[in-house]
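In my numbering, the protein residues as written are 1 to 284.
Calculated directly from the structure, the hints in this document are not laboratory data. Be aware that a few hints might be false.
Across the chosen pairs, the derived CB separations fall in these ranges [said to hold, decoys possible]:
| id | residue 1 | residue 2 | range |
| --- | --- | --- | --- |
| 1 | Asp38 | His129 | 44 to 54 Å |
| 2 | Ala87 | Arg134 | 16 to 26 Å |
| 3 | Pro69 | Asp38 | 10 to 20 Å |
| 4 | Asp263 | Gly29 | 38 to 48 Å |
| 5 | Arg130 | Ala87 | 14 to 24 Å |
| 6 | Arg250 | Val104 | 42 to 52 Å |
All figures in this text were calculated on a predicted structure; none of them were measured in a lab. Backbone N, C-alpha and C define an ideal beta-carbon position, used for all residues, glycine too.
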Amino acid sequence: MTLRMESEPRAEVGSTATIEAHDSAVRLGGRVVWEHLDVSVATGEFVAVLGPNGAGKSTLVNAVLGLVPLSTGTLSVLGAAPGEHNADIGYLPQRRSFDAGLRVRGVDVVRLGLDGDKWGVPWPGRAQHRQAQRRVEEVIGLVGADAYADRPVGEVSGGEQQRILIAQALVRRPQLLLLDEPLDSLDLPNQAAVAALVGRICHTEGVTVVMVAHDVNPILPYLDHVVYLGQGGAVSGAPAGVITSETLTRLFGTPIEVLHASDGRLVVVGQPEPPAYHVDRHTH
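Please build the complete structure, drawing on both the sequences and the hints.
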């Protein structure tokens, strides 16, 4: 798959590139996942990575984290090689469920984002401990989880669990937030609430956000750019210029029609498996 991604950042977004790739490629098991990748994500942007299963969305996230090596080309993250500045990256992997009987509190899950790499041993010194506690309380308030953060995380709803996990990813004040399908398995109200939360964090906290998603609609009002991966390569740019009938038809090599619903949502009609992209996957 050949990917060519070029986009201009919005004027109000920082001009420094948080992620920048030039002619990069990843091959796994002898298969080309993507190649000739050219992409630039400016500081402070909210970017969605879209596309069907197998297009390489999660592979792109793993390459940014330094977990998957490039076969060719270059990729810089926060001005260095992938993996060198992971301490400045908040990462939320694909949805994981908590057992209903898990007694660990939400606040403890968030605290693991600070000292989990120390096996949960608190930072030495009373002043450092107080500082860490204040930061945990701060991010819990930021995501609106104060009401249930002291409850066992297995007892709260899926949307509330996702807020706790976002707080965990934010607790070290990252410059870059990578979210791999954080809205998956959530109902529409929770999708909208979590999307609004991430959009606010991006634009008020100055955090660059790269989110892998199947459905662009919940995050559409908050996006600066989208990267759409498909069988024919990739396109990148403002949502209105990328998610169009003409562009997606060219990308997939088959007729695709993008419809605009009366409520502003996008519905993609065509093959392959287009309804999975931008319609509610929980509606029957």
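Here's how the hints hold up against the structure:
1. Under the hint 44 to 54 Å, the C-beta atoms of Asp38 and His129, about 46 Å apart, fit the expected range.
2. In this structure the supplied range 16 to 26 Å holds for Ala87 paired with Arg134, their Cβ-Cβ distance being about 20 Å.
3. Roughly 18 Å separates the CB atoms of Pro69 and Asp38, a value that falls within the hinted 10 to 20 Å.
4. At about 43 Å, the CB distance of Asp263 to Gly29 agrees with the hint of 38 to 48 Å.
5. The supplied range of 14 to 24 Å is met by Arg130 and Ala87, whose beta-carbon atoms lie about 22 Å from each other.
6. In this structure the supplied range 42 to 52 Å holds for Arg250 paired with Val104, their Cβ-Cβ distance being about 48 Å.
Of the numbered hints listed earlier, not one is contradicted by the structure.
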